[in-house]
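A.B. asks: Sequence:
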Amino acid sequence: MSGMLAGKVAIVTGSGGGIGRDFALALAAEGAKVVVNDIGASVKGEGHDDGPAQKVVSEIQAAGGTAVANTDSVADWDSANRIVKTAIDHFGQIDVVINNAGILRDRFFFNMSIEEWKAVIDVHLNGSFYMARAAAPYFKSQESGSYINMTSTSGLIGNFGQANYSAAKLGIAGLSKSIALDMAKFNVRSNCIAPFAWSRMIGSIPTETPDQAARVEKMKRMETAKIAPLAVYLASEQAAGVTGQIFGVRANEIFLFSQNRPIRSVHRSEGWTPQTIAEQGMPALKGSFFALDRSQDIFSWDPI
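For the working numbering, add 476 to where a residue sits in the sequence shown, where the first one is 1.
Derived by calculation from the structure, the hints in this document are not laboratory data. Just so you know, even glycine gets a beta-carbon here, dropped at the ideal spot from N, CA and C. Incorrect hints may have been included.
Each computed DSS-like pair below joins lysine-lysine, with the alpha-carbon atoms no more than 27 Å apart [stated by the list, open to error]:
#: 1; residue 1: K661; residue 2: K702
#: 2; residue 1: K561; residue 2: K661
#: 3; residue 1: K653; residue 2: K561
#: 4; residue 1: K531; residue 2: K702
Ranges between beta-carbon positions, derived for each pair [what the hints assert, rightly or not]:
#: 5; residue 1: N587; residue 2: G483; range: 42 to 52 Å
#: 6; residue 1: R609; residue 2: Q751; range: 21 to 31 Å
#: 7; residue 1: I774; residue 2: F584; range: 18 to 28 Å
#: 8; residue 1: M758; residue 2: E713; range: 43 to 53 Å
#: 9; residue 1: L657; residue 2: D552; range: 18 to 28 Å
Generate the whole structure from the sequences, applying the supplied hints.
C.D. replies: See below:
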């Protein structure tokens, strides 16, 4: 099969539906052989069903592409290695890893249980590390490869009731940058995508108030398929030299996100005391403080 990704092998975790499914279909349409990984769990990560992954494989095959299903969990080191081994056993190589698998256990921080915290961290952050680390020896030996890691404005900017998800997603941004730095000498790239789209995972957002209902209606206009072209590009050799970046896709908009850098400083030649910080230092910095913004406060316009 010809295309931008002809000859490449890609793993897409959590690709039994939603954004991941669109990634898998788009990669295959551009010639990649795809490992469709999905445990078939609920949005909260409960249950197991082989059906979703196999259904996407069947769609790819019906369109003339090549794919194989895998239903191992990313949240376990041995299991993640089996996902990578699926690519090696069936296709003989691995070129692209898209860390898309995720769950939600939304709850306000002061009510969040330890189990709700750990479950989300395990899938999103630990899962992204396990998958990336399992593929790393293959990427190193062939001196090529692309990691595409899914982050979120819940972590990059902020949101209510998502301390676990926000921490995991901001952690993924840090993980992706570290991978980009450590793997650059092997010609391996690592980038993040923050998706804006209506999917099963965000379908649980409450609509109890007029503002919430309006937000959900706006999100429903952002199709998951709109995100796939950027993933295909980042997986391809056309993206050589594009690494360590954080992108966002919102309908027909593509964003490049800033990364943390100092924005203002204060200096006192004799050093600081708690009192002089209170009297001089903090007042000087306060004008540059960030508000307690949420994603919807920053992205306040309608999707284009």
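A.B. asks: A separate judgement is required for each hint: does it hold in the structure or not?
C.D. replies: For each hint, the structure was consulted:
1. K661 <-> K702: violated, 32 Å
2. K561 <-> K661: holds, 24 Å
3. K653 <-> K561: holds, 25 Å
4. K531 <-> K702: OK: K531 and K702 at ~21 Å, within 27 Å.
5. N587 <-> G483: 42 to 52 Å: holds, 50 Å
6. R609 <-> Q751: 21 to 31 Å: violated, 48 Å
7. I774 <-> F584: 18 to 28 Å: holds, 21 Å
8. M758 <-> E713: 43 to 53 Å: holds, 49 Å
9. L657 <-> D552: 18 to 28 Å: holds, 26 Å
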